[in-house]
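Chains as they are written, first to last, in our numbering: chain A, 1 to 104; chain B, 1001 to 1204; chain C, 2001 to 2649.
To be clear, the hints were calculated from the coordinates, so they are not data collected in a lab. A couple of the hints might just be wrong.
[Said to hold, decoys possible] Which stretches of chain A does chain C cover? Using the computed rule of at least three CB atoms under 8 Å from a CB of chain C, they are:
#1 20-27
#2 96-102
[As the list claims (entries may be wrong)] So these bits of chain C aren't anywhere near chain A, every CB distance computed over 10 Å:
#3 Leu2002
#4 Ala2047
#5 Arg2553
#6 Asn2604
For each residue, glycine too, the CB sits at the ideal point set by N, CA and C.
Listed here are the chains, written in short residue letters.
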Amino acid sequence: MGPAGLSVGWYLALAVALFAVGGVGLLVRRNPLVMFMCVELMLNAVNVAFVALGAGLNDVGGQIAVFFVLVVAATEVVIGLALVVAINRRRAGATADDLTTLKG
Amino acid sequence: MVETVFAVSAVLILAGAVGVVVFRNPVHAALSLVLTLLGVAVLFVLNDAHFLAAVQVVVYAGAIVILFLFVIMLLGVDTAEKLRVEPIAGQRPLAVVVGAALAALLGTVVIIGADVLTGLRRSAGERALDGSASDIERIGRVLFGEFAFAVEVTAALLTVAVVGAVVLTRRTSRPRSAAAAADASLQDSDAGPDAPSTDAGRGQ
Amino acid sequence: MLDAAWLICAFPLAGFVLLVLFGRRLGEPAAGWLATAAMTGAFAAAAAVFFALMSRDAADRRFVVTLFEWIPAGDFAVDAGLLIDPLSVTMALFVTGVGALIHVYAIGYMHGDGDFAKFFTYLNLFAFSMLVLVLGDNLVLTFLGWEGVGACSYLLISFWFSDEANAAAGKKAFITNRVGDWGFMLAIFWCFAALGSVRYLDLFGVAGSLSSTTATVIVVLLFAAAAGKSAQLPLFIWLPDAMAGPTPVSALIHAATMVTAGVYLLVRVNPLIAAADSWAPELIAWAGAGTALFAAAAATAQNDIKKVLAYSTVSQLGYMMLAVGSGAYVAAVFHMVTHAFFKALLFLGAGSVIHALHHKQDMRGYGALRAAMPITAGTFIVGWLAIAGVPPFAGFWSKDEILAHAWDHSVALWLVGIVTAVLTAFYMSRLVFMTFFGQSRHAVAAGIASGDGSASDVDVGVGSGSEPHEPPHEPSALMTAPLVVLAGAAAVAGFINLPFSSELHFLGDWLAPSLFGNEAHLASGAATQWLLAVVSLAGAALGIAVAAAVYLRQRLPARRFERPAAARAFYFDELWTRFVGGPGRRGFEAVAAFDAGVIDGAVNGVGRSVRAAAVTLRRAQSGFVRSYALLTAAGAVALLVWFLIRASV
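Here chain A stands alone, though its shape is the one from the complex (with noise of 0.2 Å):
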């Protein structure tokens, strides 16, 4: 049980819905900046559990965890921000569709 008396389960569904969001958003959008912006949403459903799993569990291993999830997403976004950056430097307005060159 929470501090606050509401259930874990509360938490863990709303994480849940957050997420599958984030991955249906994920597969259907095809601006690169908006695909980041639907992976810090799954990111954010993965805190949310782990914030609330501590709380249930007693444990700040749970925050801990969302510390570093935290410093993950953060690099991940500069990192990716510079690959925007880099590509639209080479072909401007370019969609995930758009870069192909990998394909087998």
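Given the structure of chain A, go ahead and fit chains B and C onto it with the hints provided.
Using the frame of chain A, we list chains B and C on its own:
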């Protein structure tokens, strides 16, 4: 009271998330993302993770979304995406099916497993949440005690990310005409192999 | 001092490395002196180790210096370790001692050769490999040295490789040795499979409890290896051809040291021979005796001076094998040492004759060289008397000991041995009389040589027949000094193991810790031994007398003694050629077809199916990152389904 806060923030979070997916304009999507992030911060507060809530607002909603917007403005890619067209056949229905399956299955896991998890283990010592020490102090002690090595590795990761970002976005210091020519040849090289000029363009 | 035994190997290795790096820059004669210094250093180290070992109690004279772990692979652990015991130190002493002398000689002999530095590079590498072979404390390390000396032998036989015959001789030696190496490798595998170790001391510890079948198999395989390296029947064919190399090489590698490696190996594993079925040593003894007789017969009809000595070497190695098979390990090592001295002496003497006569090797073009080359002739005569078995020279004592043991073992073996002794005295006397006595024939040599080109693989590359012929003369002191030293050794080396009383059996007492009581003891009494000695002396006298009658006095026609069959070594080469070219070739082709069809087929089939699969699968690589993401998500769904099914069961 708690249930109400949870319900409101849950609605805001999901609304923001759906907004990210459906808004055609990336600027709108980014603003919608802020909504979700703030909702998540509220949930953190609800779970007594005050420090994380602050970090969520400052780093995520602040720095990261600003970075997104900054890149959108810098590149001028705020043009609306044609959401009605889907170039990859079957991508969209399949994505919805997979997303729904994911939600359903994970939901099943939650229903089966949430009660098992709750109260399964009561942590003791530094990691226990019952202590009188404040949120920040506890996180700090565990982070720089038990997870000190992970923190160091994270520091290295951040350094690598910074170096990577600089390398990826750096412009050459050559005269502008030469750089333009190189860029032009780079665009050519996408169409056909043009090895020498490609090498010249990448030799930065 | 014993801990520093690695220095013995380190000196030649250092010499080799330095010569590889700077040999060409050092040039002549500095490169030769550097190599000689390395050998001398090794000899000094070996002598120091020898004295350190002497100062210990007899029971303590076995010492392992582990340098580093060489192959750590689970149960199979091989150390690079040196086994210092009387046997290995004896070998190391004469390898480095004779080696150093031959190095000095080679500085003179190789004078003016374009590849002077390369020659000494190879020689030092050879010495290093030989010392690893001798001192290694396990079969794998010995095998490393074994292959090393084989490679050096190949390089040095075909040293003047621009001549087709020399290159072919090198290849022949290499390939023939490979047959023996196959036996060695199988023996190593078998040892590890049966005993779990390849270290000599471990092997000897469990040899007593070994099943006689296992021991027999290992011994026979090791004998196959020894037959290749030590030129025994039927694998001796490479050694006569190996004379294509420069004469110092023939002296060092193909007479004194490398070819004795097989004998050394068998003496080294004497506990295994003792554990084997009795037919295994019997096989070794008879193969040795057969080789001795066969090669001695072939030597009587050779006209190339080096070929006579080559067949003589094969024959003497046969004696050593005969000794090993009879359990007379001390006699085998004794003969190995004396043979190293007198055969090296004979080869070097032959080398200086060849040098003086502008690289002509046909003895029919020699004669009366005694006056022109007094030192060479004098030292050569010492060597001749030593090998012919005339007391008090070294060969008499060692050969007599072998024959006494052969008599003990079986009279038939002794008979073969004594006939070989007569033939040995005969062909060596023939060589000496044709070369140093009689009338000078070198004016007519050119005609003879061209008429009989097939029988003589002439030392070509340095000399040339068109030079104005100066009269033959004594070579420089660099070449005569080693002759004198070796002649001294060949004269007195017999005194290290005199048969008269047990106190005079120095070598036998010294080697005892290496032989684990497996040395056979002479059952026959002193009277029998005296009689045997007299008989072998009479045999030597007979051989010399007949040779004198034929070649010195011309009382009997030489044609009756020089059989064409003997000159061709009883067509053994032809036999091999026919076997390898006929059924052998068909066998190889079958193996090659199997390799191409089944082995390569399987490998290519794997490759082809992978390619076919890839052609199909590459369609999945659309290049659309979102398709990949979809598949990843689908994979996650599948995993979830799997977990849920597992959890619900």
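Hint check:
1. Here the segment 20-27 of chain A counts 3 residues with a CB under 8 Å from a CB of chain C, which clears the bar of 3, and the coverage holds.
2. Counting residues of the segment 96-102 of chain A whose beta-carbon sits less than 8 Å from any beta-carbon of chain C gives 6, enough to reach three: the coverage restraint holds.
3. The claim that Leu2002(C) lies off the interface holds: its Cβ sits roughly 60 Å from the closest Cβ of chain A, which is beyond the 10 Å cut-off.
4. Against chain A, the non-interface label of Ala2047(C) holds: every CB pair exceeds 10 Å, the least being about 69 Å.
5. Chain A leaves Arg2553(C) outside its interface by the beta-carbon criterion, the shortest separation being 93 Å against a cut-off of 10 Å.
6. At the 10 Å boundary, the C-beta of Asn2604(C) stays outside the reach of chain A, the nearest C-beta of that chain being 23 Å off.
In terms of the numbered hints stated before, the structure departs from none.
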